[in-house]
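Mind assembling these two chains? They're in different frames, but the hints should get you there.
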Amino acid sequence: ETGVTQTPRHLVMGMTNKKSLKCEQHLGHNAMYWYKQSAKKPLELMFVYNFKEQTENNSVPSRFSPECPNSSHLFLHLHTLQPEDSALYLCASLPGGGEGTEAFFGQGTRLTVV
Amino acid sequence: AQSVTQLDSQVPVFEEAPVELRCNYSSSVSVYLFWYVQYPNQGLQLLLKYLSGSTLVKGINGFEAEFNKSQTSFHLRKPSVHISDTAEYFCAVSPLSGNTPLVFGKGTRLSVIA
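Line order of the protein sequences matches chains Z and A. Numbering of the first sequence is given in the numbering used here, commencing with residue 1 and proceeding in unit increments. Numbering of the second sequence is given in the numbering used here, commencing with residue 1001 and proceeding in unit increments.
Think of the hints as simulated: they come from the structure by calculation, not from any bench. Everything numeric in this text was worked out from a predicted model, so none of it was measured. Be careful, since some hints might not be right.
[Stated by the list, open to error] Over 10 Å on every C-beta distance to chain A, these chain Z residues come out as not near it, computed from the model: (1) 4; (2) 11; (3) 15; (4) 16; (5) 22; (6) 65; (7) 70; (8) 82; (9) 85.
[What the hints assert, rightly or not] Calculated cross-link-like contacts (lysine-lysine; reagent style PhoX-like; alpha-carbon spacing at most 25 Å): (10) Z:36 to A:1049; (11) A:1106 to A:1058; (12) A:1106 to Z:40; (13) Z:52 to Z:36; (14) A:1106 to Z:36; (15) A:1069 to A:1058; (16) Z:41 to A:1049; (17) Z:40 to Z:52; (18) Z:41 to A:1106; (19) A:1049 to A:1106; (20) Z:22 to Z:41; (21) Z:41 to Z:52; (22) Z:36 to Z:18; (23) A:1069 to A:1049; (24) Z:22 to Z:52.
For glycine and all other residues, C-beta sits at the position ideal for the given N, C-alpha and C.
So that you can see chain A by itself, here it is in the shape it has in the complex (with noise of 0.2 Å):
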C-alpha cells in the first residue's frame, strides 16, 4: 500500500518570495508522483508529474518539483509566487504496476500575501 504524508498543512508567502511545499511518501514498489492544485471551488487541476528519466520535473504557472528517490520525496517549488497561486495543492502517488488509483495527501493550502 503507499501513504503520501504533506507535512504542511498551511503555507503562507509573501508575493515574489519563493516556495516549497512538502510531499514525502512510502510505498513498496516503485511509484508514479504528481502535484494537484486545486482553486476555491474548482476540481483538481495537474500541476505536474513524475513518471521517469530527470528528477526535476517541470510543470504549468512556473512549478516545478524534483523527485529524491532516497528520501521518497517529491518537493513542489516556485522561485517567484503570484496572488493567484493561493489555493489548495495536493501530492498524490499511484505504483508502476496494477491498477491502483491515485493515493492523495492531505493537502497544503498556500496563502500568498500581498
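Chain Z with its partners taken away, still in its complex shape (with noise of 0.2 Å):
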C-alpha cells in the first residue's frame, strides 16, 4: 500500500465511449503524475501537475484530457480513443517540488479500447 489509490482497476470502453480514471493520495503530496505503461515500451510521462497547476504536457493527444481539482486527485478524461491506447494507467505523486524524492505510484488501471 503507497498511498495512491486508482480506480478502476480495469476498464473496457468502446472507441466512441467517454469514462474517467481516477487516482486520489492522502499523503500531503502536491505534484501529480500521469504515465502511460505499454508492452515493451518505456513508461511514457503523460502528464505533471504542480500544486494543481499543469506544468508538463508531453504532447499527448487531446483525446486525453486531464483534470487536478485539489492537490489529492488527479483525473484522466478518455473520449474516443484507439485501440492503440490500452495500455497500463499509472499515476504517481510525490512531496512538492519533486526533486531528489521518490514517486509512489498507485496500482494502474488496466485500459482495454475495443
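Written as C-alpha cells, this is what we have:
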C-alpha cells in the first residue's frame, strides 16, 4: 500500500465511449503525474501537475484530458480512444517540488479499448 | 535531458543464484538514481535510491546497487534470489536541480527459476 489509490483497476471501453480514471492520494503531496505503460515500451510521462497547475504535457493527444481539482485528486478523462491507447495507466505523486524524492505509484488502471 | 538504458530486457536466473541488473544513464547534470520493482498487475514500488554519500546503497528485499559516476552506471544486485523476486525492474533518474519528473528505463524482466 503506497497511499496512492487508482480506480477503476480495470476498464474496457469502446472507441466512442467517454470514461474517466481517478487517482487519489492523502500523503500531503503536491505533485501528481500520469504515466502510460505499454507492453515493451518505456514508461511514458503524460501529464504533470504541481500545486494543481499543469506544468507538463508531453504531446499527449487531445482525446486524453487531465483534471486536477485539488492536490489530492487527479483525473484522466478519456473520449474517442483508439485501440493503441490500450495500456496500463499509472498515477504517481511526489512531495512538493519532486527533487530527489521518490514517486509513489498507484496500482494502475488496466485500460482496454475495443 | 536525461536518458536511461537497461541493456537486458529479460534476465532468467535460478533460485538462490546471484543476479545483477544493469543500468546506465546519460545526463549533462548530476542526478539522483532510483530502482523500482513492479510485480504483476501492480504499480511501481521503490527498491532503493541514491541521493548522495556512500555509493553503495542498500534497499528492501536484500537488493543493493552501486553508483559509479565515471561509468554512469547504477547496477542492481542481489546475492541470492527467490522465486518471489520474479518481477519487472525499472531504473530511473531525476536531475538534482529543477522540477523534472523521473525518467525511466525500459525495464528488465527478472524471472527466477526453481
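Here is how each hint holds up against the structure:
1. With a cut of 10 Å on Cβ distances, residue 4 of chain Z falls inside the contact zone with chain A, its closest approach being about 7 Å.
2. For residue 11 of chain Z, the condition that its CB be more than 10 Å from all CB atoms of chain A holds, with the nearest at approximately 14 Å.
3. Chain A leaves residue 15 of chain Z outside its interface by the beta-carbon criterion, the shortest separation being 24 Å against a cut-off of 10 Å.
4. At the 10 Å boundary, the C-beta of residue 16 of chain Z stays outside the reach of chain A, the nearest C-beta of that chain being 27 Å off.
5. Here residue 22 of chain Z stays apart from chain A, with its beta-carbon at least about 14 Å from theirs, past the 10 Å limit.
6. With a minimum CB-CB distance of about 19 Å to chain A, residue 65 of chain Z clears the 10 Å threshold, and the non-interface call stands.
7. With a minimum CB-CB distance of about 19 Å to chain A, residue 70 of chain Z clears the 10 Å threshold, and the non-interface call stands.
8. At roughly 23 Å from the closest C-beta of chain A, the C-beta of residue 82 of chain Z stays outside 10 Å, upholding its exclusion from the interface.
9. Listed as outside the interface, residue 85 of chain Z is consistent with that label: its C-beta sits roughly 19 Å from the nearest C-beta of chain A, beyond the 10 Å cut-off.
10. Taking the CA atoms of residue 36 of chain Z and residue 1049 of chain A, the gap is near 23 Å; set against the 25 Å cutoff, the hint holds.
11. As the CA atoms of residue 1106 of chain A and residue 1058 of chain A are separated by approximately 22 Å, the hinted pair is consistent with the 25 Å bound.
12. Straight-line distance between C-alpha atoms of residue 1106 of chain A and residue 40 of chain Z comes to about 7 Å, which keeps the hinted pair within the 25 Å bound.
13. For the given pair, residue 52 of chain Z sits about 20 Å from residue 36 of chain Z by alpha-carbon distance, which is consistent with the 25 Å threshold.
14. As the CA atoms of residue 1106 of chain A and residue 36 of chain Z are separated by approximately 12 Å, the hinted pair is consistent with the 25 Å bound.
15. Proximity of residue 1069 of chain A to residue 1058 of chain A is assessed by CA-CA distance (about 17 Å); at most 25 Å being required, the pair is judged to hold.
16. Under the criterion of a C-alpha separation no larger than 25 Å, the hint pairing residue 41 of chain Z with residue 1049 of chain A is consistent with the structure, at around 23 Å.
17. Restraint check for residue 40 of chain Z and residue 52 of chain Z: the C-alpha separation of about 31 Å exceeds 25 Å, so the hint is violated.
18. Between the alpha carbons of residue 41 of chain Z and residue 1106 of chain A the distance comes to roughly 6 Å, so the proposed pair stays at or under 25 Å and holds.
19. A threshold of 25 Å between alpha carbons decides the hint, and for residue 1049 of chain A with residue 1106 of chain A the separation of about 18 Å falls inside it, so the pair holds.
20. For the suggested pair residue 22 of chain Z and residue 41 of chain Z, the alpha carbons sit about 23 Å apart, so the restraint of at most 25 Å is met.
21. Only pairs whose Cα atoms come within 25 Å are accepted, and residue 41 of chain Z paired with residue 52 of chain Z is rejected, the gap being roughly 28 Å.
22. A threshold of 25 Å between alpha carbons decides the hint, and for residue 36 of chain Z with residue 18 of chain Z the separation of about 18 Å falls inside it, so the pair holds.
23. Distance restraint check for residue 1069 of chain A and residue 1049 of chain A: the Cα-Cα separation of roughly 15 Å lies within the 25 Å cut-off, and the hinted pair is therefore satisfied.
24. Restraint check: the Cα-Cα separation between residue 22 of chain Z and residue 52 of chain Z comes to about 15 Å, which is no more than 25 Å; the hinted pair holds.
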